[in-house]
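Visitor: Spelled out from the first residue to the last, the chains are:
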Amino acid sequence: MATLTESIALEGAWQEKVTRFDVQQIIQHAGLMVSFILLVLTGLPQKFHELAISQWWTGLLGGIEVTRSIHHFAAWLIVLVCLYHLVYIAYSTLVQKRPFPVKMIPGRHDFITLYQEIKYFLGITRERPRFDRFNWREKFDYWAIFWGMPVMGISGFILMYPVEATHLLPGWVVPAALIAHSDEAMLALTWIFLVHIFFNHFSPGIFPLNTSIFTGKVSKERYQREHPLEYERLSGGQEGIK
Amino acid sequence: MRRLGFLLAIAVVIVVAIVAFRSTRADALDKNGCLTCHSNPGLSTTTKAGAKVSLFVNEALINTAAHRYIDCTTCHSADPHKVATPLTKLSLAEKCGSCHQYEYEQHLNSIHGQQLAQGNPDVATCVDCHSPTANPHNVIRVLEYNAPTYKKNISETCAKCHDNQQLMANYGIVEKVYESYMRSFHGKAMQLGTYEITQLDKATCTNCHGVHDIKSVADPAAPVAGLDNLAKTCEQCHPGAGVEFAKGFLGHKEASPDNIPAAHYTENVFRVLLISVLTFGALVVSAAVVRYSINRWRD
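As you go down the protein sequences, you meet chains A and V in turn. Quick note: the first sequence uses this note's numbering, first residue 33, plus one each step. Quick note: the second sequence uses this note's numbering, first residue 3, plus one each step.
Quick caveat, the hints were computed from the structure, so don't treat them as lab data. Hints are all accurate, no fakes.
Ranges of calculated distance between the beta carbons of each label pair, as one might list FRET restraints:
no., chain 1, residue 1, chain 2, residue 2, range
1, A, L261, V, P259, 42 to 52 Å
2, A, F234, V, I16, 57 to 67 Å
3, A, M192, V, N137, 37 to 47 Å
4, V, P259, A, F178, 25 to 35 Å
5, V, E61, A, W108, 50 to 60 Å
Positions of the beta carbon are idealized from the N, C-alpha and C atoms, including for glycine.
Let's have the full structure, built from the sequences with the hints guiding it.
Guide: Now the structure itself:
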């Protein structure tokens, strides 16, 4: 048993924050979140137009024209955020000569940890998988956007400019774009609200809000618990994680 | 004191104004007092053939009808009790046409009017679209929000017949035109728009198919017959649309291997993707919820 002062000191050390995200990444997540929420709030009533709540909500926003304008504005915003992200990656690797973020690339380790985590959830093992900088769920979210953004962006711009689109492309792209846009939107929305929010905000030890993506900082204690491999590598070499 | 007197004077003016202008009742013109008897709901007569015909005229409806200031005898002749002509849809349209000549001419040349002239009782004539109760005494002006021909209500008015699958089967119209319209961009925009006229610049049935001059889709002169005509119709609202744009129209049908196959296969691919990914997500989350609950219960 540690003495009271010792435990306070220990507690203090554990509470010490480690920087996990830089300011650019914080801005990118915030931009993505704001535009995504705007798109959902203005997209859902357009999909479920026959529901009374959709008609009420559209009326509250000022009618279908305003709802569509907000949807189009948020669409440009989310495209801008994604371009910002690509420029950020290119700039940090090509100009700043920082290493390419290889830890985001999926690999064998992710399938192993997925398998281990499901075993843990099902009670087959009591050991939790040990994650590196990004766990399989975080990588899934990231790459889902990498797939989803072109699908939503291309289909969305076809729907935004149908006349111009059919000058360049065959006529069937318009009905096909509507289906792709609608279904992919439901996929993204359900995944974000079911899986992303659950694991990143509603899990034990995190609930009700994971502030790391908003402040960029995580306590050492949580970092070690959630990303042990990364934590060990960072703290093993030298003191003070950067 | 002067201030109080001033306020009192204003109050009196307001009260007098309210009392004076309160009555919003607009009585229909009834020079000969027809409504004295005909406002009785039980009033009826029996024809020579033995059919009972109601002679009731609903005063409440006629007081707000478009023709409320046109006297009964304008349509019913100066001595209406002498007239024994059996009323038909065609004679009804003829009567409207005695004033609305242009619309009547167009109607007679339309698919509805041609059928009407042949004695088909199924088809729509003036009152079927212009009155919510298909009653000539209750015609409502087009720009009144409760008119069946108000822009926002037109699709439902057409649907009274065109959403009746049994009736439409007689004419070879198998497409679910109302449902597919409501699913379309135009239908969605119309449904999400309010009743404000500024929100109603969306296409409804009549924008593509025509109004009084409506033609059968099989008629080569119809605005929706053939891609060239269809493209011209699209261009009324979508400048520069062209034939390729018109090709993207699903034709009131669902996408299928025969009808815009690309859209059909896109649908299949995304259904599989949606179901598989979400099932995976739901399973992982459910397993995690169970595990976290057990962990908490054990602590």
